[in-house]
Amino acid sequence: MAASKCTRLTGSLVKQLLDSVDSVLFDCDGVIWRGDQAIPGAPDVINLLKKNGKRVFFVTNNSTKTRKMYTDKLATLGFNACEEEVFGTAYCSAMYLKTVSKIQGKVYLIGSNAMRQEIENVGIQTIGVGPDPISGVQIDWANVSLDPEVKAVVVGFDQHFSYMKLNKALQYLSVPGCLFVGTNTDTRLPLEGGKAVPGTGCLVKAVETAAQRPAQVVGKPSNFMFDCVASQFNLDPARSLMVGDRLDTDIMLGTNCGLKTLLTLTGVSTVADAVHHQTSGCPNRAGMVPDYYVDTIAELLPALQG
Amino acid sequence: MAGKVGTRECHKIRGAQLRDLLDSKHNVLFDCDGVIWNGETVVAGAPEVVTLLKQLGKRVFFVTNNCTRPRENYVQKFSRLGFTDVAEEEIFSSAYCSAAYLRDVAKVQGKVFVIGCHGVQKELQDAGVPIVEDVSDGPDVSIYNFPLDPDVKAVLVGYDERFTFMKLAKACCYLKDSDCLFLATDPDPWHPLRGGRITPGSGSLTAALETASSRKATVIGKPSRFMYECIASQFDLDPARSLMIGDRLETDILFGANCGLDTVLTLTGVSTLEEAQEYRDSDAPEKKDFVPDYVVETIGDFLQALED
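As you go down the protein sequences, you meet chains S and A in turn. Per numbering that gives the first Met the number 0, the very first residue in the first sequence carries number 0; after that it's consecutive. Per numbering that gives the first Met the number 0, the very first residue in the second sequence carries number 0; after that it's consecutive.
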């Protein structure tokens, strides 16, 4: 455990840190790639870590791809990776529904085809994916026909989000016993070229507000993302490192699960953000202070190549 | 400030006591949904109450967060449901007041990007506030690539049955400029429909945009004071002689408290007597403002009180 926090990872500290862990968990957007471009040096980092006997996992809140789609993207960008190492929220939400919610019935899904595929892969039927524009008049919307087999409303990123979908989610959530799951609460979804669009957090918030109840959130910083990896790979948190670009999701998850944490500055959060949390004196914010930071994960290369 | 601080007791009132209360007030502000009507069903006695109050020389106003209709359509609804003498000038909807705010208070120089139904857009147009036209996007426009209007100086979000992710994305871009105003018609998370069903309200769409932009909207509708200030700017109200009657504790009653008005909760709508009593019995000081001064079963009870 680091004696002090938010230390620049440099010199001999790099090798010291890497020697102290067996597994490294990487966030994706803003850490190993930006949009469709790998962060320079990132593929070498991942590939060398594996060569050095470390296990590597990819843990992302982005729900728009299946594990297979992520693996294909990783391969295209030069990363050696296999499906089992990828933990996106589409897959993890499906696992959550199967192993935690244990739902017996269908899901009304506001989300992507990728989410639909992952959830149906674990044997749970979904309805609702795709465009759903408004029709009829207001009184029709409360009386929209509901599938009685729906036992949960699940909200992930959906570029087809509409008032009608929000309305249907509300009608389903008004049925006693209906579960409410959200993939993540990120406020923006990063795209290629540094652009971003509103994130899943906005859609989850819209449904939470209408239904006046909170969603059970699967994605970081919820522990479930780590539990999902750990349960399949028997990880020792004390010998695991979480590498991310967001203090409120990646670093928070790492701290909450007892991992070492490394902030990389190629994404959302800054060192100033981290220092703010550190000096705030607020116990809730202490978890967002990373053990170490680097400008880019490429700074790990010298220690790996040496 | 009118309204006796510390005596908000949600006191059930009828007959002579109700008569005395009404005698002491010159202005009566009614919420609409759940108070004078529910959907297309009038609350029994409501039209007669309004007529009687006016005959007694009182001024009557209608203050509603419902932004789905322009005022001229409200006039038609009043007429349809048997109210014989309600004038457009007496109707204050959150859409009308949002337009008034943009034109007279914010004095916006430029266009408004509107996420809102026809009712909202019409009020802005009637007030002469330029809006970005709600046209369908061409085939090469997507959430990854869309044009922005450089003249936008404000974003207004209200109930919009045609809400889409694209509108959310565009609004979020406009709000990146901290000089761009951010308004919401009302905070209601859901609206009641007939038969106990509900439909998502402006509040849920506003929450999405606040999350996307990391900014807080200026909310025009109840419980914010602005709708009252809008009426007061046209009609010279004395809060001590004004009464607010509503069915939703978190909007109508809090609105009344915020504006220094005595408040009456009517039980023909959203909130229950038990909920009012919970607020009354709570230790948290801020919950006191959710407690109505008085409670009636229905505003139909005013008839007996006034006719006695």
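Since the hints were made in silico from the structure, they are not lab data. Keep in mind that a hint or two might mislead.
[To be verified] Partner residues are not named here, just some residues of chain A that face chain S (Cβ under 8 Å, in silico):
| # | residue |
| --- | --- |
| 1 | His-117 |
| 2 | Thr-198 |
| 3 | Leu-204 |
| 4 | Thr-210 |
| 5 | Asp-282 |
[What the hints assert, rightly or not] Derived DEER-like restraints, expressed as beta-carbon distance ranges:
| # | chain 1 | residue 1 | chain 2 | residue 2 | range |
| --- | --- | --- | --- | --- | --- |
| 6 | S | Val-143 | A | Ser-141 | 26 to 32 Å |
| 7 | A | Arg-224 | S | Arg-212 | 25 to 31 Å |
| 8 | A | Asp-19 | S | Thr-278 | 55 to 61 Å |
| 9 | S | Gln-211 | A | Gly-194 | 14 to 20 Å |
| 10 | A | Leu-266 | S | Phe-232 | 54 to 60 Å |
Ideal Cβ positions, reconstructed from N, Cα and C, are used throughout, including at glycine.
- Hints the structure violates: just list their numbers, smallest first. 1 and 5
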